[in-house]
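Engineer: Take a look at the letters that make up each chain.
2 protein chains.
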Amino acid sequence: MMSSTNPVKIAVAQIEVIAGHPDINAKKILREIEIAKNAGDDIIVFPEMSIPGYLLGDEWENTAFVNDCYAFNDEIKNATDNIVAIWGNVDVDDSMKNEDGRIRKYNAAFIAQNKSYLGAGRVHKTLMPKYREFDDERHFYSARKEAQDRYLSIEDVFDPFEVTIKATSHKLGLILCEDMWSDDYTINPINILLKKDAGLIVNLSCSPWTWRKNNKRHSVVRNRIENQPVYFIYANNIGIQNNGKNIFLFDGNSTIYNPDGSLQKVAKDYTEETIRAPIFAEKIEIMLNPEVSDERDKEELYKGIVYGIKKFFDIFPNRRVVLGLSGGIDSALSAVLLAEALGSENVYAINMPSQFNSETTKNAAKILAQNLGIHYTTIPIQASYENTIIDLESAIFTRLDGSNTTTKLKLSGINKENIQARDRGSRLLAGVASILDAVFVNNGNKTETAFGYATLYGDVNGALAPIADLYKMEVYELAAFINSKKNVIPDTIFNIPASAELSADQNIDEGKGDPIYYPYHDKLVRAFVEFRLDPEDLLQYYTEGILAQIIKCDEKIIENYFKDAASFIADLEHKWKLYKLNYFKRIQSPPIIAVSKRAFGFDLRESQNGVYFTQRYLKLKHKLMNGEN
Amino acid sequence: MMSSTNPVKIAVAQIEVIAGHPDINAKKILREIEIAKNAGDDIIVFPEMSIPGYLLGDEWENTAFVNDCYAFNDEIKNATDNIVAIWGNVDVDDSMKNEDGRIRKYNAAFIAQNKSYLGAGRVHKTLMPKYREFDDERHFYSARKEAQDRYLSIEDVFDPFEVTIKATSHKLGLILCEDMWSDDYTINPINILLKKDAGLIVNLSCSPWTWRKNNKRHSVVRNRIENQPVYFIYANNIGIQNNGKNIFLFDGNSTIYNPDGSLQKVAKDYTEETIRAPIFAEKIEIMLNPEVSDERDKEELYKGIVYGIKKFFDIFPNRRVVLGLSGGIDSALSAVLLAEALGSENVYAINMPSQFNSETTKNAAKILAQNLGIHYTTIPIQASYENTIIDLESAIFTRLDGSNTTTKLKLSGINKENIQARDRGSRLLAGVASILDAVFVNNGNKTETAFGYATLYGDVNGALAPIADLYKMEVYELAAFINSKKNVIPDTIFNIPASAELSADQNIDEGKGDPIYYPYHDKLVRAFVEFRLDPEDLLQYYTEGILAQIIKCDEKIIENYFKDAASFIADLEHKWKLYKLNYFKRIQSPPIIAVSKRAFGFDLRESQNGVYFTQRYLKLKHKLMNGEN
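Chains A and B, in that order, are what the protein sequence lines are. My numbering puts the first sequence at residues -13 to 615. My numbering puts the second sequence at residues -13 to 615.
Some clues are possibly wrong.
In this list, chains with the same sequence are indistinguishable; a pair is considered to hold if it fits within one copy or across any two.
[Stated by the list, open to error] Simulated pairs of lysine to any residue, SDA-like, Cα-Cα distance not exceeding 20 Å:
id	residue 1	residue 2
1	Lys607	Ala57
2	Lys251	Arg262
3	Lys157	Asn100
4	Lys563	His7
5	Lys394	Glu559
For the record, the hints were derived by calculation from the structure and aren't laboratory data.
Model the full assembly from the supplied sequences, consistent with the hints where possible.
Structural biologist: Pasting the structure below:
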């Protein structure tokens, strides 16, 4: 274990990074450096891309913007009298080309001390994530390509910095985010630094929160550095960043790790905070690993979504929000989250009944609004719905080709259901929101988003989908968790069947509801979307009797739901088709707050390519249907 | 010049590739191989990714699907008795990991002869495009990384195949698409093959059409191979492929180049066709380079969009389409293109007037419908519009926090305009389309898409935006081109001002219209979107007096429009803000047919990050406003 009579005081500034606003971010960094100097810190560390932000889409192609970000480096360097500062920013080399023909850019960590850059002054990111929302390869040249261009290996060029603090020299390794998540790569940057005797490794990250991610990280760090004489710093930002179709939550949780992988200091989640600790000290302090129970899990989810909503509204001139409140569970959860995030004084809920809405749900909606103390009104849609039917039924198309053949419109039941949904979403909610200068939200959940069980220009509408990355059963669970703290959602809403109430076939008082069996179909959607499983895989697992185990569904649920292989197959094909074909609705749906391992949006990139079943699927099916298994 | 007494008969099969349907594509490939064998061809070449298709989004993560595609390789190999076949498909190595932790995949060209793979049997793509719609690095491991993992350079591992045809051995180099577009890369695959004496280079491509791209390619090939003894084959597919937010057109134009870069054979655009030519022959045939005039340009554009529409409808059960026909230029162009692509018997146009629509436009719409012989009807929205105003004005929100404070809704002019647009888009067009089991289209152009000059859930709606990659003036130009062939669009539509006709302020009979000066703002949008210029750049060019030249706008147009720097700056900032802030509408807008160098959609990736002006912009502005320049 390296120790020293001159411990180094390190500060990790967990700032909120505002993507696309380098001026604000740089100002904050300069302020934190001043505070650190006054506090006598030796090193201050900021997150990855802490000047420009990380999720900027193709704004990385805007050279003026990139140069603007880059220019802040010297301002920061010039503030480093008596301190070492390490920060993330874009590095630019306009003598070289990026592979898109523009100027070359790098995702870089900069380091300066006493108003000078240390050594080369920067390190370029080596491992470039390019899955989910990550697009590093799209915009940045990697250290790996630089080495290859010089006919060198990355080991040849990747060295720790020599930093002298209080007359003691330290080997400080700098890496960026994915560089520590090297399991799937042929290059391991941490190992290279360890072989080169780094005593301190600093990882600048811009790492979105996903449910239960922090524990994973602690164990990865432990495995990487255990029994090596090295301190490890994880600097992450807070805030939200987006790619248009998804909002990602950045929880911070910046951590100072001891050489044994134990936690010395952890910053609070979703809080701007600078954590400080002595490293290379005689005595190592250990903070206990925060225990994660199932309850804390729900708390984490609740906190994340509320934070996401709150921050999303920062871009609007006010915090007013409009939502439809049907008396069902989805809009109930949505309302509670909005009231918590924005204040009940900012929430305007509208109940919009037609002839098909029960007194039960209408009452439940109003009671919930009372419990939350939000603004509430009822605007019936029956008259407008009937007028639309009349307008459409009386329309006559004439073919103006001389034949004058006419076409009349005949409305089906589903046509009529959709008219109600669009009347609510486009005529009323969009109308009220624009008058109040507010935004309105989409209350959909992930399961119905997968199957397209929602009407485009109806309940698909909204400027934000706060709960569209939660499966239906998770919606119930989160709602129950909220009620366990403070009972706001009426029991009725939990007890009635999930129903769109758009026709007599969906009468909740008669126990009728959605044509989806959520306890199973939630898991099926997760298998498609998060586990990336094909019908072929699922049919194979079903045949082997291990489906329940693979998709993490109660065995009995599957057994009771399907009486035989034929009914399993019919449902599997039907749901796969719904999932694939209803992508056309997701193309036009609002941004979703991402909380799972894969959210609909640009987290999961889809093409409108119809439905396909593999050759092996067809063979498996044939065998099963012919009783050959 | 290499020549031979045994000329080789090469066939290039320009097939339509259906993305995501390997069964259909493989069947077509096998059929073409049979035909080629009967025709006595020695080599047959298919495009890149001709089994799976190319734009599949994250379906590349579906291992069952990928293995299904891969399995077709052996079927094709087994059909190569007495012929060499070269085709594009995904290569899979399940002993290795991709950098996303899944099985490793490559974008590969396969080669087989006499039922055996030749040599390694495949080549992996070296240069991975990752700009615009391209995402090769996201899904595939590159030959370049493979070389680096073995501590080798790409030159060490990249060799031509030795192919024996009619007892003569040939060195055949295989590359994939971007491998020939190496200007911006540090690796040049064609040069490597030329150094290794390749006599034939085959490039398998899946190369989307963009306006004027083919001439560019001819000159690139000429520059690469000129004066080298090498034949060059460019095999491209036809069809459309999409990333959800964009439809890309594949025009084919597969080409057999002579060693001097001249064209020996070129396949017709948007046509399934196999071109054949002898290579290594004594005498070289030369086809004249098809001349490109401005008129052919327009023809190319027209043909492309019509093809895109036609193919897009292949995924639907029928070809019926609904559109709003206002009597303005955008919907007029849209209607003509739809009638051409789908047949006038499939087009249902609706004129939906409110009190603000003039007799002029209503008449023009009907005349156009007559000229096209399409189905037509009028559904006035005035009553519904008025009812919505009453519904909204009579709604009273009550704050249910015990205070019972009430909020009433006061409608502004813009609120009322939006109500009309939503009534048309969501109540009527969506209603009629669902009843007819049809889709309806969005008639927006690129300029209004940029500035958000359209109503979400109103005219932003639709399942397809066929002309949203055309600037407003291009809409007029394409419409005029169509009229020059056959006069279908009434002159009135060209002569009235462009107007939304949503209020008395937009009365076209009084010469009032949109708050956009298209001859200049079209060019401004192109500068933002395609040239990727920042307000800083534009202000700099304005200051230097070279703005007109840079953005390719008539000098006088700019001079006349802005009386001084202050008015230029005010407009620039206003339009930059509109462009950035109205991204929220594009998030929810339909797929756009891409025809330019950068279309809105997933071609241009955006984030909802608000508006930023660089430090240098602010300084320039300050100087200008204070007369320091």
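Engineer: It remains to establish, for every hint, whether it holds in the given structure.
Structural biologist: Right, here's what the structure says about each hint:
1. Taking the closest pair of Cα atoms, Lys607 and Ala57 come within 20 Å of each other only across two copies (18 Å); inside a single copy the shortest separation is 62 Å, beyond that limit.
2. For the identical chains of this complex, Lys251 and Arg262 are intra-copy neighbours only, at 8 Å inside a copy versus 70 Å across copies, given an alpha-carbon limit of 20 Å.
3. In the homo-oligomer, the alpha carbons of Lys157 and Asn100 lie at most 20 Å apart inside one protomer (17 Å), although the nearest pairing across protomers, at 60 Å, exceeds that limit.
4. When the C-alpha separation of Lys563 and His7 is checked against a cutoff of 20 Å, the pair qualifies only between copies, where the shortest distance is 14 Å, while the shortest distance within a copy is 42 Å.
5. Proximity of Lys394 and Glu559 under a CA criterion of 20 Å is satisfied in neither setting, with 34 Å inside one chain copy and 49 Å between copies.
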